[in-house]
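*Asks:* Residue strings, one per chain:
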Amino acid sequence: MTTIAETAARRRHAGRTRLSAKHREWIAGYLFVLPDALGLLVFLGVPMALSLALSVFEVNGFGGYSFVGAKNYLRMWNDPLFWKGAKVTALYAVMLVPLLYACGLGLALLVQRTDRFNTVMRSMFFAPHMVSLVVVALVWQFMVVDKIGVVSRLTAALGIGGFSFLGDPNFALITIVLVSVWFLMGFYMLIFLGGLQDIPRQYYEAAMIDGAGAIARFWFITLPLLKPTSFFVIMVSMVAAVAGAQAFDIIYVMTKGGPANATAVLIVYIYQQAFGFGAFGYAAAMASILVVALMIVTAVFFALTRGGRFNHEQ
Amino acid sequence: MSDKKKAFPTLTRRGLLKGGAAVAGGIVGLGGFPYINRLAVRAQETPLKFWQFYAPGGPVASQVEWFEKTVADWNDSHPQKIELEFIPNSEYISGPKLATAFASGEGPDIFIISPGDFLRYYNGGVLKDLTPFIDEATRADFPESVIANRMVDGKVFGIPMEVEPMAMYYSVKAFEEAGLNENDVPKTWEELLEVAKKLTTPERFGVMFETQPGYYQNFTWYPFLWQGGGEFQTADGKSSFDSPATVQALKFWQDAINSGVAPRQIMGAGGHDTIANLASGYVAMQNVGIWGISQLQSNAKDFQYGVFRLPTPPNGKYVTVGGGWAFVANAKGRNSDAAGEFCAWALASKEQGSIDRVATWCTKGKSDMPPRNSALKAGGEAFSSGMIGTFAKEIHPGTRAEPRVPPEVYKIISDAIQQTQLGGADPQATATAASQQLDAFLSSYQGAPIL
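From first to last, the protein sequence lines are chains A and B.
Read left to right, the first sequence gives residues 1 to 314 (UniProt numbering).
Read left to right, the second sequence gives residues 1 to 451 (UniProt numbering).
Certain hints may be false.
[Unchecked claim] Not the full set, but computed from the structure, chain B residues with beta-carbon under 8 Å of chain A: (1) A55; (2) G58; (3) F102; (4) G105; (5) V126; (6) Q212; (7) K377; (8) S385; (9) G386; (10) P407; (11) Q419; (12) L422; (13) G423.
It is worth saying that the hints were derived from the structure and are not from the lab.
None of these values were measured; they are calculated from a predicted model.
All C-beta atoms, glycine included, are put in the ideal place defined by N, C-alpha and C.
Bound conformation, chain A alone (with noise of 0.2 Å):
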């Protein structure tokens, strides 16, 4: 004869084994994710659909609000410092992330050795990281400076000077793209460096064996082996690019989006409108539609790359 406590002791028993190991697994995945999600959600997703709904009022920054609907999108699409800021921004991604990544890799192959000189190089690559931008930023302007600047001198000494790197058009925005592959390429040297130490050695060994070359290794080897890696930086340095995340704070020093806002870039534009102008409607607006740019274009480069996976058929 069963007594009610036991048959409810049994009950509670039954309950809890009732959850799968997989249910289990899943819950207690997100309970680790669960701090994270919700910093994200507080410090990014609320921020950001607040942003969303600022874009469509008419806000003078000193407490007036009123709804005016889609003419902020409708003025953007007006607009053609807009138009040129998306066109810089463009610009800076394609030049920056191709570049980047060459340098990355670049420095990556020349220091994965692990004896003490390319340990020294290696601090030395990474260096520049550790500036303040704002201190990287007044140092190159200085440094590029007409007629005194070293680099200045240096070029005409070569004999390609005699041009403004920061005051000419033509040239302002490649600086800033050199200045920020300067200081972000240390950065992605790490990352390569991880990635290469991924690749087994036993396919170099294999592959000298079979007579390949160090440009055969690295074509058919290592490159095709560092496609998880590779997906993550050019992923990275596409999204920084496109949100200007370096490129503000440098442009914002060096040139103050200037000569001729040849190096106003979206979110140098953006600023300048919240802040300099107390437009933060028309900023929420054209910050929002930078948003959906940056999804899109991760979510093309995603589907093209099938996220850096594999491909296992093959």
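Here the structure of chain A is known, so what remains is to put chain B in place on it, guided by the hints.
*Replies:* Leaving out everything else, chain B in the frame of chain A:
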């Protein structure tokens, strides 16, 4: 073992709940404690915040000392205390600090603005009417040309602390090296470019105009527009930017760049920085304001320099622009009456202390022309001798106040200057396009008059 347990009691869920309840109860209970009530009273008496950008350790020590003394003197004699808050220049001028503070309802009680910012804050409804705090005689002490762009409908919304006319500075050493002397000081635009050419070397530019886009660049360009009779709007509020005078002014700055006598990129903090550009030897002549005197006096004592009035175009007349910052009070601040009273007490009171304060700022703090007639008299010898004397006698008489424009107008003019000066665009086509943009904006503008 048991001792260790006592020292580090295990945290159980029940214990945590108990503790949480106790803390919550404590917080609720504290509401009735007198200490909390005292905090509320103290909050009402907290000092008013006065934001400006003359930070301790800045380039000219006497400037921050003046601000500190002004606030200390007020605090010694008034119950409502004021506290200085230094905002870095890059955060203050066209930076996010003021914009975000006002957007979040946490704007300063007292702050300083230039004419370029006036309309934005006035149209935003945060500028306190300071007229009730200024008596009629003192109001008349401010020349109309100085106070007009801080007034709307006959009421004063900002009290200027300075007038800063623009001029040309030159390096005596550079002139001597080029075989020139003060008799060669150029009087026309053409002469300026010729002299600049003689002063240009492989390591130095002959003349410098501001190149970075911003309110300051527009400010420095206006005299060249006005000298040929140009304006950006007509008396009835329409664009008059498409004129020969505009084209001529845009072309003059473009010629200076294209001929290679002026740099496309400038050194240091910007075109207003005489130390990094003129005193360093990067340029031989620099278009800069009266504040250059105190900059050079404080940071390049041995540098020999001269000043001359802005050269004029053919058939043009001499005119320069006078900028300057003004004290304003936040109409939505915690004690806007006290804030307004402070602004008037500091700069626009009939008391001799107020007059002397203005004179001291303009002679010892930051070399400037005073915005009050009485302060000009109080400054006495200081305004009639030395380099400031040259400004007072030769340069200041042609001063016209810096225009106050909404951000949209600033941007249209800024883009026109940038496109022609550095972008190589045709001045006539640029002036026409900018004028059409101006007309489109002016036709729908609602706000205080653009001056």
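*Asks:* It remains to establish, for every hint, whether it holds in the given structure.
*Replies:* Cross-check of the supplied hints:
no.	hint	in the structure
1	A55	violated (16 Å)
2	G58	violated (17 Å)
3	F102	holds (5 Å)
4	G105	holds (6 Å)
5	V126	holds (5 Å)
6	Q212	holds (5 Å)
7	K377	violated (39 Å)
8	S385	violated (36 Å)
9	G386	violated (31 Å)
10	P407	holds (4 Å)
11	Q419	holds (5 Å)
12	L422	holds (4 Å)
13	G423	holds (3 Å)
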